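These protein sequences, in sequence, are chains U and W. The numbers in our numbering rise by one with no breaks, and the one at position 167 of the first sequence is 272. The numbers in our numbering rise by one with no breaks, and the one at position 94 of the second sequence is 138.
Keep in mind that the hints were calculated from the coordinates and are not lab data. Hints may contain errors.
As the list claims (entries may be wrong) - In silico DSSO-like links for lysine-lysine, alpha-carbon gap of 30 Å or less:
id, chain 1, residue 1, chain 2, residue 2
1, U, Lys244, W, Lys283
2, U, Lys190, W, Lys283
3, W, Lys128, W, Lys104
4, W, Lys272, U, Lys244
5, U, Lys190, W, Lys272
6, W, Lys129, W, Lys239
7, U, Lys317, W, Lys283
8, U, Lys317, W, Lys272
9, W, Lys283, W, Lys186
10, W, Lys73, W, Lys237
Given the structure is predicted, the values throughout are model-derived calculations rather than measurements.
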Amino acid sequence: MRNRFDEQLFELNREIIEMGAMCEEAIASAAKALTNGDVALADKVKANSGVIDQMEREIESRCMKLLLHQQPVARDLRLISAALKMITDMERIGDQAEDIAEIVAFLNGHTMEGMELIEEMARETIAMVTGSVDAFVKKDVELAQEIIDRDDIVDDYFSKVKCGIIAMIAEHAADGEFALDLLMIAKYFERIGDHATNIAEWVIYSVTGVHKEA
Amino acid sequence: MSMITVKDMCLWYGDHQALHHINIEIPEKSITAFIGPSGCGKSTFLKTLNRMNDLIPGVKITGDIRYEGTDIFSREVDVNNLRKKIGMVFQKPNPFPMSIYDNIAYGPRTHGITNKVQLDEIVESALRGAAIWDEVKDRLKKNALGMSGGQQQRLCIARALAVQPKILLMDEPTSALDPISTSRIEELVMELKEKYTIVMVTHNMQQAVRVSDYTAFFLLGELVEFGKTDDSFSQPQDKRTEDYITGRFG
Chain U
106 MRNRFDEQLF ELNREIIEMG AMCEEAIASA AKALTNGDVA LADKVKANSG
156 VIDQMEREIE SRCMKLLLHQ QPVARDLRLI SAALKMITDM ERIGDQAEDI
206 AEIVAFLNGH TMEGMELIEE MARETIAMVT GSVDAFVKKD VELAQEIIDR
256 DDIVDDYFSK VKCGIIAMIA EHAADGEFAL DLLMIAKYFE RIGDHATNIA
306 EWVIYSVTGV HKEA
Chain W
45 MSMITVKDMC LWYGDHQALH HINIEIPEKS ITAFIGPSGC GKSTFLKTLN
95 RMNDLIPGVK ITGDIRYEGT DIFSREVDVN NLRKKIGMVF QKPNPFPMSI
145 YDNIAYGPRT HGITNKVQLD EIVESALRGA AIWDEVKDRL KKNALGMSGG
195 QQQRLCIARA LAVQPKILLM DEPTSALDPI STSRIEELVM ELKEKYTIVM
245 VTHNMQQAVR VSDYTAFFLL GELVEFGKTD DSFSQPQDKR TEDYITGRFG
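The following block holds chain W by itself, in its conformation from the complex (with noise of 0.2 Å):
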């Protein structure tokens, strides 16, 4: 089943197109990579998602985004709501600056809840799922900024957890990070796919190979081709993929 359907959708800069009708289903707890060239418009799209966009001026979007059947655009949708659902983790780790508690509970506090037990119920659950409460459940008041790169992704990967989301995009998630935390990330989002739908952007050919389920190929605004990573890497279908994925151009 798709959790995401995108239907006909282009986008614009001011007078720059940056994405061309857009036709894409993003399948269920699964891991789908986005890649292609810089500036092929994989990110704004990965943007587009949670309408994260929509915070940048001159930004026009035509075309229809279903989130489990529902326009995301829709006069009835809250912004918040669907960013609660559809959370993001971003390229740089970003974690606030307060203790690592506070970064997790900073979620669910700003949608209403202040239950001590309930926090610390969710905060454990959080850090469990994202692989990292092992590590930081003895200085969980300790500042966040005092934690590794690798560490601190973690982190922002469990607060996007807090929240119970149903889609995790992640933009670029290890560009930052040496190998070992990289091959953390990477095992964490395979875990995570049992129960969360994963969209991620990534520049690392073989990260996409390693990790998803789907390749999704993105040249110039376009979406060239969109199936089954094994497929897509050893039999691509369009001969821009080809190129592109062996090196021949980009």
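The shape of chain U in the complex, shown without the other chains (with noise of 0.2 Å):
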């Protein structure tokens, strides 16, 4: 019956995965920068941001184009509306994976303590991502509700790397800038857990039609 149209959609499906799997990839490398003090790995993150920006470019295309073209109704629409939301959400991810690359270049391989802390929020964070993702692939409305959960626990990740970090202040005020630049990361990674729990409110969404906001 309408097999054209099942393609780009199985298209677009394959791009948001790939999109989501790239996001993935950029913000572990990151984390992983970050803990090794590797500067070569963050200016490689830095360099992908620019992939992940085109792909939601192609994707955002893509969706214009299904909208004129198939005049989507019911899941069809639910999906290519979800889809153009979830690029935005995944694109952003992209770009604090950058910033968070950007600081570990700064840092030029600067470690101390508590840093291990903000390893913690970043497995954390990663596995959001992860999970958020998995649950788009798999239509899986108790693993987007898992995740958007699981925010709470980045949350509370932030307020204790911030605690430390206002006790490392007291302590050692001359790290007070290397200080800022942790507490900037961690900002970082509560955001891009804000992010993926938007994803997966959306996949809720594209398989319910009911968006937790509504």
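Hints in hand, dock the two standalone chains.
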């Protein structure tokens, strides 16, 4: 009946999964560069950010064409509109991974205590991004809900990191600038968690037709 | 409030059952679209609402259809009066082979209005109501068959309005029209719902989405789903509706 349309939707699906995988890789690499003080890896993350932006433009244009040509309804409409919203969050995740990488390059291998907590926070955030993309791939509402619930864990980490940094500044005032960089990084991870939550909410919408915020 | 209430209605053409246990309440001053594949019974159902099916031999109808609370099949109901209140516009514009004026005045005259001034008023107000007055006011005495297809269809709508109906039934009113005439009719229909209840059969899914407030989906003589159009087209409740509107069958 509608082979061509189904093929195009399949392609859209595939591209979103690909973009999601690129975001996962970007933030995993940014986190790794932070842990190891690996400036070369951080530079690579920065270079890849443009590819994610490009991907967003391509998927956007595919969605526009599908809306124009197919005038989709029901679950087709929900998939395409969810895709349009999700890629914005994915692109932001890519940007924030780039922001983290930029700070890592600036830190130039400088490390100090309190880093472990940020590393744990990074792991939790990466898991959220991976989970939200997985939920999209599997159209899994339960998994998506799990991701949404996990955002509280990342928020808690941010509070803990913040307290740690305040203590750090009190003890080593000379490291103040470095401490603020760490705070920025923690904030970026916290924002990435929010974007993963948004993606998961759109997954639920695309499957059920109901958006949490509605 | 519902204008028409249908309870457990079945219809047979001879041995063939064309409609199965239809239950629906058509809300007043809104547009309800009937959609579904060819032969699903939507036009049959539409025609039943003002008893147009009475004219077809071998038709048997059971169940209950109420217009403003009155059983439309009861002995007290005068069919002409019913069709005055529940007007119909067809797929192909069908003006009478007479002047534009006489086309509109035809209905009111059959209902006994002969006063020229009164008829003039009715004709103008009906033509204005159908958004065609400005185009035809200088040639009311010209033959209606000389108008374009889109104008003819609006004339037919004006003719239906001239007898002051409450409900307009429209059977694919734009399927024979070009896109510009189609959008004029759609605009008109959306204006008309302020005063009238409109029920429209359409094969154009996007038209149903654009125009209607409620959508009823028919399949194989059954009313599968009825609800707000926005809901039906974004999250249909029945898989058969979903498959039909997304083009997976039909």
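Hint check:
1. The suggested pairing of U:Lys244 with W:Lys283 holds, with an alpha-carbon distance near 17 Å, which does not exceed 30 Å.
2. Our distance criterion of 30 Å between C-alpha atoms is met by U:Lys190 and W:Lys283, whose separation comes to about 26 Å.
3. This hinted pair checks out: W:Lys128 and W:Lys104 have alpha carbons roughly 23 Å apart, not beyond 30 Å.
4. Proposed proximity of W:Lys272 and U:Lys244 is supported: the alpha carbons are some 26 Å apart, at most 30 Å.
5. Of the pairs offered as hints, the one joining U:Lys190 and W:Lys272 holds, with about 25 Å between alpha carbons and a cut-off of 30 Å not exceeded.
6. A distance of roughly 13 Å separates the Cα atoms of W:Lys129 and W:Lys239; the hinted pair therefore holds under the 30 Å criterion.
7. Pair hint U:Lys317 plus W:Lys283 holds up; C-alpha atoms about 23 Å apart against a cutoff of 30 Å.
8. Proposed proximity of U:Lys317 and W:Lys272 is supported: the alpha carbons are some 21 Å apart, at most 30 Å.
9. With a CA separation close to 52 Å, the supplied pair W:Lys283 and W:Lys186 exceeds the 30 Å bound.
10. Taking the CA atoms of W:Lys73 and W:Lys237, the gap is near 5 Å; set against the 30 Å cutoff, the hint holds.
The structure fails to meet hint 9 from the earlier list, while all remaining hints are met.
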